[in-house]
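The sequence shown: position 51 = 61 (this note's numbering), numbered continuously.
These aren't lab readings, by the way, just hints derived from the structure by calculation.
Keep in mind that this is a model prediction, so the values were computed, not measured.
By construction, the Cβ of each residue, glycine as well, lies at the ideal position given by its N, Cα and C atoms.
You may find that some hints are simply not true.
Under the rule of at most 30 Å between Cα atoms (straight-line distance), these lysine-lysine pairs were calculated in the BS3-like manner [to be verified]: (1) LYS37 <-> LYS61; (2) LYS20 <-> LYS37; (3) LYS127 <-> LYS103; (4) LYS82 <-> LYS37.
Pairwise CB distance ranges, derived in the manner of DEER restraints [to be verified]: (5) SER104 <-> GLY52: 30 to 36 Å; (6) THR88 <-> LEU60: 21 to 27 Å; (7) MET11 <-> ASP54: 32 to 38 Å; (8) GLU116 <-> GLY64: 27 to 33 Å; (9) GLY31 <-> ASN80: 16 to 22 Å; (10) PHE129 <-> ASP92: 15 to 21 Å; (11) ASP18 <-> GLU128: 36 to 42 Å; (12) GLY31 <-> ASP58: 31 to 37 Å.
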Amino acid sequence: MTEINITDRKTIAEIQEDFHGHFPFLKLEFYTAEHEMGQGSGKDAMLDPLKSIGEVRTVHNAGEVSIHGNQKVSTLETTFHDAYGLNVQVFRKSGELWLQTTTTDEWTLSEQNETAKEFTH
């Protein structure tokens, strides 16, 4: 398990790097609006990774997001939204492409990462 520290001064890119360091075949993208369960987010709503968290969120709590391999993607996305006002979507690498995990949001982060690893090598 790891903790990702959330503060207004951190950039989106810093949080993305923290997450990617633990799940090298997954990435987090941040969006202007929340997506519905099973639906994706449009590229036009994607936030610039150089923006600070304070610029883009609606709930200004400082804290840590616990991330572990047995956690479902949907749970992680909901935690970011409910606790910190951040709209995130997990992506899984598939060869040279990054796929939104919309149809597999009930998979765990480890399952997503292992599946991506198999399709990337």
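Here is how each hint holds up against the structure:
| no. | hint | verdict |
| --- | --- | --- |
| 1 | LYS37 <-> LYS61 | holds, 17 Å |
| 2 | LYS20 <-> LYS37 | holds, 17 Å |
| 3 | LYS127 <-> LYS103 | holds, 8 Å |
| 4 | LYS82 <-> LYS37 | holds, 14 Å |
| 5 | SER104 <-> GLY52: 30 to 36 Å | violated, 19 Å |
| 6 | THR88 <-> LEU60: 21 to 27 Å | holds, 26 Å |
| 7 | MET11 <-> ASP54: 32 to 38 Å | holds, 34 Å |
| 8 | GLU116 <-> GLY64: 27 to 33 Å | holds, 32 Å |
| 9 | GLY31 <-> ASN80: 16 to 22 Å | holds, 18 Å |
| 10 | PHE129 <-> ASP92: 15 to 21 Å | violated, 31 Å |
| 11 | ASP18 <-> GLU128: 36 to 42 Å | holds, 38 Å |
| 12 | GLY31 <-> ASP58: 31 to 37 Å | violated, 21 Å |
Going down the numbered hints, you'll see the structure goes against 5, 10 and 12, while the others check out.
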